[in-house]
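K.L.:
Add chain U to chain R, keeping to what the hints say.
Which chain is which? The protein sequence lines are R and U, in order. Just so it is clear: in the first sequence, position 296 is 296 by the working numbering, and no numbers are missing. Just so it is clear: in the second sequence, position 266 is 266 by the working numbering, and no numbers are missing.
Misleading hints may appear alongside valid ones.
Calculated cross-link-like contacts (lysine-lysine; reagent style DSBU-like; alpha-carbon spacing at most 30 Å) [unchecked claim]:
#1 K238/U - K256/R
#2 K238/U - K114/R
#3 K140/R - K125/R
In case anyone wonders, no lab produced these hints; they're calculated from the structure.
There are 2 protein chains.
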Amino acid sequence: MIVETKTAVFDEPLYCESGRILQPFQIVYETYGKLNKDKSNVIIITHALSGSHHVAGFYEGERKAGWWDDFIGDGKSIDTTKYFVICMNNIGSCFGSTSPMSIDPDTNKPYRFKFPVLTISDIVKAQMRVLESLDIYKVKAVIGGSMGGMQALCYAIEYPDFSEHIIAMATTAYTRPWAIAFNKVVIEAIRNDPDFKDGYYESKDIKENGLKGLAVGRMAGHISYLSPNSMDEKFGRKYDDTDGLYDLFGRFEVEKYMEYNGYNFPHKFDPLSYLYIAKTMNIFNASRGSDTLAQSLDKIKAKLHLISFSGDLLFKPEEMEEIYNAMKENDNKNNVTYKEIDSDYGHDAFLVEVEKFGDYVVDILEERI
Amino acid sequence: MIVETKTAVFDEPLYCESGRILQPFQIVYETYGKLNKDKSNVIIITHALSGSHHVAGFYEGERKAGWWDDFIGDGKSIDTTKYFVICMNNIGSCFGSTSPMSIDPDTNKPYRFKFPVLTISDIVKAQMRVLESLDIYKVKAVIGGSMGGMQALCYAIEYPDFSEHIIAMATTAYTRPWAIAFNKVVIEAIRNDPDFKDGYYESKDIKENGLKGLAVGRMAGHISYLSPNSMDEKFGRKYDDTDGLYDLFGRFEVEKYMEYNGYNFPHKFDPLSYLYIAKTMNIFNASRGSDTLAQSLDKIKAKLHLISFSGDLLFKPEEMEEIYNAMKENDNKNNVTYKEIDSDYGHDAFLVEVEKFGDYVVDILEERI
Numbered sequence: 001m002i003v004e005t006k007t008a009v010f011d012e013p014l015y016c017e018s019g020r021i022l023q024p025f026q027i028v029y030e031t032y033g034k035l036n037k038d039k040s041n042v043i044i045i046t047h048a049l050s051g052s053h054h055v056a057g058f059y060e061g062e063r064k065a066g067w068w069d070d071f072i073g074d075g076k077s078i079d080t081t082k083y084f085v086i087c088m089n090n091i092g093s094c095f096g097s098t099s100p101m102s103i104d105p106d107t108n109k110p111y112r113f114k115f116p117v118l119t120i121s122d123i124v125k126a127q128m129r130v131l132e133s134l135d136i137y138k139v140k141a142v143i144g145g146s147m148g149g150m151q152a153l154c155y156a157i158e159y160p161d162f163s164e165h166i167i168a169m170a171t172t173a174y175t176r177p178w179a180i181a182f183n184k185v186v187i188e189a190i191r192n193d194p195d196f197k198d199g200y201y202e203s204k205d206i207k208e209n210g211l212k213g214l215a216v217g218r219m220a221g222h223i224s225y226l227s228p229n230s231m232d233e234k235f236g237r238k239y240d241d242t243d244g245l246y247d248l249f250g251r252f253e254v255e256k257y258m259e260y261n262g263y264n265f266p267h268k269f270d271p272l273s274y275l276y277i278a279k280t281m282n283i284f285n286a287s288r289g290s291d292t293l294a295q296s297l298d299k300i301k302a303k304l305h306l307i308s309f310s311g312d313l314l315f316k317p318e319e320m321e322e323i324y325n326a327m328k329e330n331d332n333k334n335n336v337t338y339k340e341i342d343s344d345y346g347h348d349a350f351l352v353e354v355e356k357f358g359d360y361v362v363d364i365l366e367e368r369i
Numbered sequence: 001m002i003v004e005t006k007t008a009v010f011d012e013p014l015y016c017e018s019g020r021i022l023q024p025f026q027i028v029y030e031t032y033g034k035l036n037k038d039k040s041n042v043i044i045i046t047h048a049l050s051g052s053h054h055v056a057g058f059y060e061g062e063r064k065a066g067w068w069d070d071f072i073g074d075g076k077s078i079d080t081t082k083y084f085v086i087c088m089n090n091i092g093s094c095f096g097s098t099s100p101m102s103i104d105p106d107t108n109k110p111y112r113f114k115f116p117v118l119t120i121s122d123i124v125k126a127q128m129r130v131l132e133s134l135d136i137y138k139v140k141a142v143i144g145g146s147m148g149g150m151q152a153l154c155y156a157i158e159y160p161d162f163s164e165h166i167i168a169m170a171t172t173a174y175t176r177p178w179a180i181a182f183n184k185v186v187i188e189a190i191r192n193d194p195d196f197k198d199g200y201y202e203s204k205d206i207k208e209n210g211l212k213g214l215a216v217g218r219m220a221g222h223i224s225y226l227s228p229n230s231m232d233e234k235f236g237r238k239y240d241d242t243d244g245l246y247d248l249f250g251r252f253e254v255e256k257y258m259e260y261n262g263y264n265f266p267h268k269f270d271p272l273s274y275l276y277i278a279k280t281m282n283i284f285n286a287s288r289g290s291d292t293l294a295q296s297l298d299k300i301k302a303k304l305h306l307i308s309f310s311g312d313l314l315f316k317p318e319e320m321e322e323i324y325n326a327m328k329e330n331d332n333k334n335n336v337t338y339k340e341i342d343s344d345y346g347h348d349a350f351l352v353e354v355e356k357f358g359d360y361v362v363d364i365l366e367e368r369i
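Chain R on its own, in the form it takes in the complex (with noise of 0.2 Å):
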């Protein structure tokens, strides 16, 4: 499936949750499949912090696939041959939708630490535009996992009529501390790498020179998306045999996949985008505005399904259970369903094992759960 970006750009303001404005503003996004007659075949994939739009098939000549390929495509969970699915790279985010690297209009200039702090429902308030600018205005559903499950969540409470079901995945109601302290490593990080300049370094020397401190903090964020046991399995103590043991530096293999995954991150990973997503999570509450969860849920019409992993430290199943007990409480307490799925992998488990809930969600889509 050989796919391609395409870009929606808005001259009229997004207001944003913090009064601030982004005028104009623009969303890249892709889609899959065909949109049917009576438009009733639209799926919406949300992304998680560090993804894109690019969520499936391959880019002409390119031989990556999108990061939840296994999961949607012709023929796959998400069948491309019967719905038409579209996912949206966030605001705020560095693949080409409006981001603190863009031009502000005021001055010219890249926003940098101008640009506004988003929340979640700035980002889904924009793919609303998008959405509209597409003359869809109801959906199929709402799939998302991690960061995206919140906006998966934000469909539900903030536009209870527009998705008949919502997927949310390894996600929370709010984020605890435990989360925002693994994002604290990367801010810091980030803030004290002389290289990034305050937020004033050029984007093309990030890209081709990289920058330490976003990958050290990218090799903690890998830690709290992974657990222990999938490290053991992943990697037990193998040791790189050309480094002796009492090498000060020989390294572990788990230590070369930090490596290679946190110093590669900076090469297509914008910092200021990363501080500004990372805020978009921590200051995450779908019972903001309310006063309890329950009664923020009440306001929800779709069908909600909450699937958590096991072995996810990041956002626990209990937090999922959080979820669906306030649901219960509320009057339409049957519009939730709860599934734990045994995992091993920690949290990167709704990106890599798709085979383990791909059949529960056709089952979801074709109205059997």
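P.N.:
Chain U alone, transformed into the frame defined by chain R:
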């Protein structure tokens, strides 16, 4: 209890496991209580990564007690009216024992990266030299948590006739990738900091100005010492009142905790010591030199007491159980006890929840277990 630090200096070489030699070397230590006539009341406390020999009591004029003062002192679980307690600063550490910043007699300059890579065995070997110098050849117990527990295991295996009891808490027979990964964040954060100057920093500069890389690494370390649940309890989602929600760098309580502990750390701990000590933990393997862990543990003659903490993610209860089960394969199978303490506190439980294991340790020392 007012205590003083003592120094033991050795002109004879310390032969390290790597084949390297340290000569001369010194160890600083403290003692508490009085050695009885038949020298049957000695207890050795081994300390963890960033710990020191100052395990109990106060220095003249200071108000901060030693790190395990709740556990050790007159009338406490380790009762210093009864026992003669010794705690030695590990070689390689930065509180007065020979370390990478000590003067290399070959060059009359600090060793820095010329310091030999040490192992837990080397650390214990150096401690044995101190004990010999005090004419102590047999002790009642060796007690330690985390990396101190590794030392305790090492005493048990390598000096079988030395201690009656070995109490190893919150530790492991070999460090697994989860813990190695956290150490990796610290290692990379230190090395990338320009103020580290590839190891050619001046100690006084770091002590005065800190070292941001070590600070960031330490923040990651603090995550590993806690757990999702302990963080929920300790911090919740409390947000600094003085920072607005839409301030990009507004801070949650957990972030303030990390900043405080992270940025203070380099003022009291040396980055090269950190690298060398983390390495001893990473390469620790209680079965090295034997075909199996059971075979290695078969050498133990002491009574080995293993204490784990249910919420400890750094050295999980399963890791302690593995030691227990390996002991059970041996002829000395009756020489082992295992207790899992119910705790949400994470790895730090061995430091802060003394009340949960204090009486149990008393029972061990009084030979009731």
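K.L.:
So, for every hint listed, does it hold in this structure?
P.N.:
Against the structure, the hints:
For the suggested pair K238/U and K256/R, the alpha carbons sit about 36 Å apart, so the restraint of at most 30 Å is broken. Under the criterion of a C-alpha separation no larger than 30 Å, the hint pairing K238/U with K114/R is consistent with the structure, at around 26 Å. Simply put, K140/R and K125/R have alpha-carbon atoms about 18 Å apart, close enough for the 30 Å limit, and the pair holds.
This entry does not satisfy hint 1, going by the numbered hints stated previously; all others are met.
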